[in-house]
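So the protein sequences, as listed, match chains A and B.
Per the UniProt record's numbering, the first sequence starts with residue 1, numbered consecutively.
Per the UniProt record's numbering, the second sequence starts with residue 1, numbered consecutively.
Take these hints with a grain of salt, some might be off.
It does not matter which identical chain is used: a pair holds within one copy or between any two.
Straight-line alpha carbon distances no greater than 30 Å define the calculated DSS-like cross-link-like pairs of lysine-lysine that follow [what the hints assert, rightly or not]:
id, residue 1, residue 2
1, K232, K433
2, K298, K372
3, K407, K381
4, K407, K298
5, K235, K261
6, K492, K301
7, K377, K433
8, K400, K554
9, K337, K204
10, K492, K433
11, K492, K334
12, K433, K382
13, K554, K337
In short, the hints are calculated from the structure, not lab data.
Protein chains: 2
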Amino acid sequence: MALSARALYDFVSENPGEISVVENELLTLFSEDVVDGWLEGTNSRGESGLFPASYVEILSSDKGLSVQGNGEAYHSSYAAGTEYSYQRSAQQGDTSTESTPTRGYPTYSYHSTSQGSDEDWDDDWDEGPAAANQPGGVPGKGGSALASSSSSAYPASPRRGSTQQSRSSATVGRNLNRFSTFVKSGGEAFVLGEASGIVREEDKICVVMGQFGPEWQENPRPFTCSIDDPTKQTKFKGMKSYMSYGLTPSHTQIQVNRRYKHFDWLYARLVERFPVISVPHLPEKQATGRFEEDFISKRRKGLIWWMNHMTTHPVLSRCDVFQHFLTCSSNDEKAWKQGKRKAERDCLVGANFFLTIIPPAIPLDLQDVESKVDGFKTFAKKMDESLAQVNVTLGEFARKQVTGFRKEYQRVGQAFQLLGQAFELDQQEYSLKLNQAMAFTAQAYEAVGDYFVDQPRQDLEPVSDLLAIYQGHLANFPDIIHVQKGALTKAKESQRHADEKDGSAGINERCNIISCATLAEMQHFHRTRVRDFKAQMQHYLQQQIAFYQRITGKLEEALHMYDQA
Amino acid sequence: MALSARALYDFVSENPGEISVVENELLTLFSEDVVDGWLEGTNSRGESGLFPASYVEILSSDKGLSVQGNGEAYHSSYAAGTEYSYQRSAQQGDTSTESTPTRGYPTYSYHSTSQGSDEDWDDDWDEGPAAANQPGGVPGKGGSALASSSSSAYPASPRRGSTQQSRSSATVGRNLNRFSTFVKSGGEAFVLGEASGIVREEDKICVVMGQFGPEWQENPRPFTCSIDDPTKQTKFKGMKSYMSYGLTPSHTQIQVNRRYKHFDWLYARLVERFPVISVPHLPEKQATGRFEEDFISKRRKGLIWWMNHMTTHPVLSRCDVFQHFLTCSSNDEKAWKQGKRKAERDCLVGANFFLTIIPPAIPLDLQDVESKVDGFKTFAKKMDESLAQVNVTLGEFARKQVTGFRKEYQRVGQAFQLLGQAFELDQQEYSLKLNQAMAFTAQAYEAVGDYFVDQPRQDLEPVSDLLAIYQGHLANFPDIIHVQKGALTKAKESQRHADEKDGSAGINERCNIISCATLAEMQHFHRTRVRDFKAQMQHYLQQQIAFYQRITGKLEEALHMYDQA
Numbered sequence: 001m002a003l004s005a006r007a008l009y010d011f012v013s014e015n016p017g018e019i020s021v022v023e024n025e026l027l028t029l030f031s032e033d034v035v036d037g038w039l040e041g042t043n044s045r046g047e048s049g050l051f052p053a054s055y056v057e058i059l060s061s062d063k064g065l066s067v068q069g070n071g072e073a074y075h076s077s078y079a080a081g082t083e084y085s086y087q088r089s090a091q092q093g094d095t096s097t098e099s100t101p102t103r104g105y106p107t108y109s110y111h112s113t114s115q116g117s118d119e120d121w122d123d124d125w126d127e128g129p130a131a132a133n134q135p136g137g138v139p140g141k142g143g144s145a146l147a148s149s150s151s152s153a154y155p156a157s158p159r160r161g162s163t164q165q166s167r168s169s170a171t172v173g174r175n176l177n178r179f180s181t182f183v184k185s186g187g188e189a190f191v192l193g194e195a196s197g198i199v200r201e202e203d204k205i206c207v208v209m210g211q212f213g214p215e216w217q218e219n220p221r222p223f224t225c226s227i228d229d230p231t232k233q234t235k236f237k238g239m240k241s242y243m244s245y246g247l248t249p250s251h252t253q254i255q256v257n258r259r260y261k262h263f264d265w266l267y268a269r270l271v272e273r274f275p276v277i278s279v280p281h282l283p284e285k286q287a288t289g290r291f292e293e294d295f296i297s298k299r300r301k302g303l304i305w306w307m308n309h310m311t312t313h314p315v316l317s318r319c320d321v322f323q324h325f326l327t328c329s330s331n332d333e334k335a336w337k338q339g340k341r342k343a344e345r346d347c348l349v350g351a352n353f354f355l356t357i358i359p360p361a362i363p364l365d366l367q368d369v370e371s372k373v374d375g376f377k378t379f380a381k382k383m384d385e386s387l388a389q390v391n392v393t394l395g396e397f398a399r400k401q402v403t404g405f406r407k408e409y410q411r412v413g414q415a416f417q418l419l420g421q422a423f424e425l426d427q428q429e430y431s432l433k434l435n436q437a438m439a440f441t442a443q444a445y446e447a448v449g450d451y452f453v454d455q456p457r458q459d460l461e462p463v464s465d466l467l468a469i470y471q472g473h474l475a476n477f478p479d480i481i482h483v484q485k486g487a488l489t490k491a492k493e494s495q496r497h498a499d500e501k502d503g504s505a506g507i508n509e510r511c512n513i514i515s516c517a518t519l520a521e522m523q524h525f526h527r528t529r530v531r532d533f534k535a536q537m538q539h540y541l542q543q544q545i546a547f548y549q550r551i552t553g554k555l556e557e558a559l560h561m562y563d564q565a
Numbered sequence: 001m002a003l004s005a006r007a008l009y010d011f012v013s014e015n016p017g018e019i020s021v022v023e024n025e026l027l028t029l030f031s032e033d034v035v036d037g038w039l040e041g042t043n044s045r046g047e048s049g050l051f052p053a054s055y056v057e058i059l060s061s062d063k064g065l066s067v068q069g070n071g072e073a074y075h076s077s078y079a080a081g082t083e084y085s086y087q088r089s090a091q092q093g094d095t096s097t098e099s100t101p102t103r104g105y106p107t108y109s110y111h112s113t114s115q116g117s118d119e120d121w122d123d124d125w126d127e128g129p130a131a132a133n134q135p136g137g138v139p140g141k142g143g144s145a146l147a148s149s150s151s152s153a154y155p156a157s158p159r160r161g162s163t164q165q166s167r168s169s170a171t172v173g174r175n176l177n178r179f180s181t182f183v184k185s186g187g188e189a190f191v192l193g194e195a196s197g198i199v200r201e202e203d204k205i206c207v208v209m210g211q212f213g214p215e216w217q218e219n220p221r222p223f224t225c226s227i228d229d230p231t232k233q234t235k236f237k238g239m240k241s242y243m244s245y246g247l248t249p250s251h252t253q254i255q256v257n258r259r260y261k262h263f264d265w266l267y268a269r270l271v272e273r274f275p276v277i278s279v280p281h282l283p284e285k286q287a288t289g290r291f292e293e294d295f296i297s298k299r300r301k302g303l304i305w306w307m308n309h310m311t312t313h314p315v316l317s318r319c320d321v322f323q324h325f326l327t328c329s330s331n332d333e334k335a336w337k338q339g340k341r342k343a344e345r346d347c348l349v350g351a352n353f354f355l356t357i358i359p360p361a362i363p364l365d366l367q368d369v370e371s372k373v374d375g376f377k378t379f380a381k382k383m384d385e386s387l388a389q390v391n392v393t394l395g396e397f398a399r400k401q402v403t404g405f406r407k408e409y410q411r412v413g414q415a416f417q418l419l420g421q422a423f424e425l426d427q428q429e430y431s432l433k434l435n436q437a438m439a440f441t442a443q444a445y446e447a448v449g450d451y452f453v454d455q456p457r458q459d460l461e462p463v464s465d466l467l468a469i470y471q472g473h474l475a476n477f478p479d480i481i482h483v484q485k486g487a488l489t490k491a492k493e494s495q496r497h498a499d500e501k502d503g504s505a506g507i508n509e510r511c512n513i514i515s516c517a518t519l520a521e522m523q524h525f526h527r528t529r530v531r532d533f534k535a536q537m538q539h540y541l542q543q544q545i546a547f548y549q550r551i552t553g554k555l556e557e558a559l560h561m562y563d564q565a
């Protein structure tokens, strides 16, 4: 059997001697010897040349070794749309100095470069040196920003001319995909043992073994945080205006005022700080073509959901930057800037984040982990698809209620009104009460028509808000799964070479840490999902029941009008 | 001022020397002398010649007399469609030996010539000599039948070569419109004093002065009559089959079985017997393109409404032919035929019917009568228009519920089902109850969709049935109004000539009888309308309330599923 490989990722040749390969493409290898991270072979179009060894998996060799899980090349995303949006954001060559990711979800899309009319981005506090100091370990960043990244946690690719081999293992090479989340998240660096840093006791994140597998250790001091209606603030003697949200955390009971840009900044910190945690997406910054009031109300609802997901996450709720955001006095500019700078200089981001995770004493069975992660992937894909469908259906249902249903009930009202008007031409005493009752019935049906217009705001919109935050989470999980899968691949690779070289124990240990964190996050997702959907379905049904009771009540009023007729 | 006249009806010239006139057309008269019932003049198209004097009203004369109510030429129908259908049925040259009228209402149209599959029209009892013996005093009959009519109550027109003048008044001539309801009903003959017959005490119909004007004296022995589900009967050893309805009048408590053709025959008797009474239309004989069961159910509902209107009418409920229909044993063929022949030979039909009416002691004020009749005409026109609109709207509403509404609710159900199916991929213990609740919610919305499909049968269809019977009544009233208007015109005409000739007192008296009967029938219509619409609107609203309560109940069931989730 010929020596062959399957491409794990797309690779586009940029120099003479290189050949392009497409994900899943079968390649014939000239040799399985990796030279400076490159392999030589022929692609399916008959072109021969070099391609990065880490972009492929070797399918069979004369030594009889094969990579476990052949033919199961995983994708960085279960939703084609998400993948597409990543690529698009990279292609757009985002020149923003902000390093926030573009998650590409239509409902909760995140646009750090848009300049909202009610926001002012010229504040000096946004332009500190910290901005250039941010690691690039977030998806959606362009290649140029990546190339200039000076973060030590960030691995250099062979393309960049580095000939340096991994310190920990010569046989387990680096992933050459410069856009791989596994690489960018720092997951690879951590697995390869390149992460180092001092972890304070309070930064340690424990994963405990729960009834249903690994779980984040619960926050011993749970709290909530209310968000008031935003108020319009002005500065520069009224030249500039912005909306300010009053936040009151339950554990301090002290209100702080934050602007949307503060949420935005916090979000960016959290995303770079926690590679395998699904940071809830912020509601869209500005919706075009909407009335301001509707938009402000919708964004506040989105922020309430966001805050709810933040405060109930055992890890996110306790982290320094979030606590700083929630508790730093709005009037203490100095304290705010200190906390801001501290967060932006945090060393425990990217690869180092994984150093903070304390796994349960007994390592997980990797086979079991893989099966669970695959199960979650299937689940998430299906849920993502059904959310999209439910969103469309409920949106259409709301639209029909506001237009069609209303029209039908009002037409019935108008028909009764017309008949009532004919009846009113007869003014004999015994007709009068019937005439009144008919007129009332006509009004009742007109009113019911109006009920239908109001209703979606009561029941369907809250469901839609919930779906949006979950669509955001589901858009996060492909990356999280990608990191875990990357770690698992490394662990398997290291096991394959375990006979020859040592170092596999360390890799397994670190892979276990990533797996524990991933499964804990998935568990958290499920628990939150059950909690949220239970509450929201109850709310929806309660509102629906109240709605039909309201109709019933109106019709009963109309019915009683006939008692005297 | 030139001597002129306004045409009251269309007249089409058939012989040289005659000119055609169109209703409302202004004519210039050569002279106001009526020769053998004809006037001479010029129409608006400049044609000069003869036209029937009774087809026009003289607008001004050199004697300074003018007909009261000038410029208020009444129409035989307020609904153009009704008029049209009359003409059409005459033009069709109906060759049926049945002399039943074609009322032309789409919902309850009456087709005596159609051969329904479940009916057998070859029965010998339908072909007795009585059929040829029936007077032609019903609308919709062709001219040929009219010409061959031997009924003494029927006035000969001048067109037919008769030179005989009215016995009672030389100045009040006959109406020459051979299709005028006033003429055909016998109203004219009665007003002119040509009706004669012996009225038994039990045939007398009293009009009493009630709180709101003339009323039919109430039936001192009111009763109701139930109609069972029809059963299929066969005869000729199963060769022929028909549906038989079991009728049980409350005053006999003895069930009789009647076929649709018996209703049909009864209806024809009633129409010829009672010119100014609105005989309720029978439900359509056979609807094409419907499932038999649906049709049978619909016709039974229509017959129930019909029976309700019959038994609650003070005059119709008491008349011999109806009592014969309700009480003659289904097994006594001989008694049935006797009663049948008696009814068909009834002398008190047409003009003689009016002999049976006993008016209140004090004659009505004719001005007041005219104003009331005009008011009713306006009312009936408006009600007729609104019923048509309500019918369309409710039909559309029903259609939307069965299609659109159902689809929307089922789509919501399907969306929840889809989401539930995604959730079911997670089989952790804490998810199971939510999964069950989601599945139940999905089913609940599917069920609500089905409720919408069932609902119109419960609430909208009964309303539609009611509208149909009232559309039938409203189609009757133009003829009733026409008879009264004709009588009023005669009375006015006679008053005009009162100085010259006598006989006006008798005409006034007879006009008063027709007016009393007309107003009593209108009063009865209003009372019945208030009763029926009150009951039906209550039923509709009760059904609607029950419907929304049913939805509420289903959603509450779904809500409780989340209690344990």
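Structure-based check of each hint:
1. K232 <-> K433: neither (53 Å within a copy, 44 Å between copies)
2. K298 <-> K372: neither (36 Å within a copy, 61 Å between copies)
3. K407 <-> K381: between (38 Å within a copy, 27 Å between copies)
4. K407 <-> K298: Result: close both inside a copy and across copies, 26 Å intra and 29 Å inter.
5. K235 <-> K261: Answer is within; shortest intra-copy Cα gap is 15 Å, inter-copy 90 Å.
6. K492 <-> K301: Neither, since 45 Å and 79 Å both go past 30 Å.
7. K377 <-> K433: Between copies only: 22 Å across, 66 Å inside.
8. K400 <-> K554: So K400 and K554 pass the 30 Å test inside a copy (21 Å) and across (22 Å) alike.
9. K337 <-> K204: Within one copy, since 25 Å is at most 30 Å while 106 Å is not.
10. K492 <-> K433: neither (86 Å within a copy, 38 Å between copies)
11. K492 <-> K334: This pair counts as neither: shortest intra-copy Cα distance 50 Å, inter-copy 105 Å.
12. K433 <-> K382: between (58 Å within a copy, 19 Å between copies)
13. K554 <-> K337: Neither: 57 Å inside a copy, 56 Å across copies.
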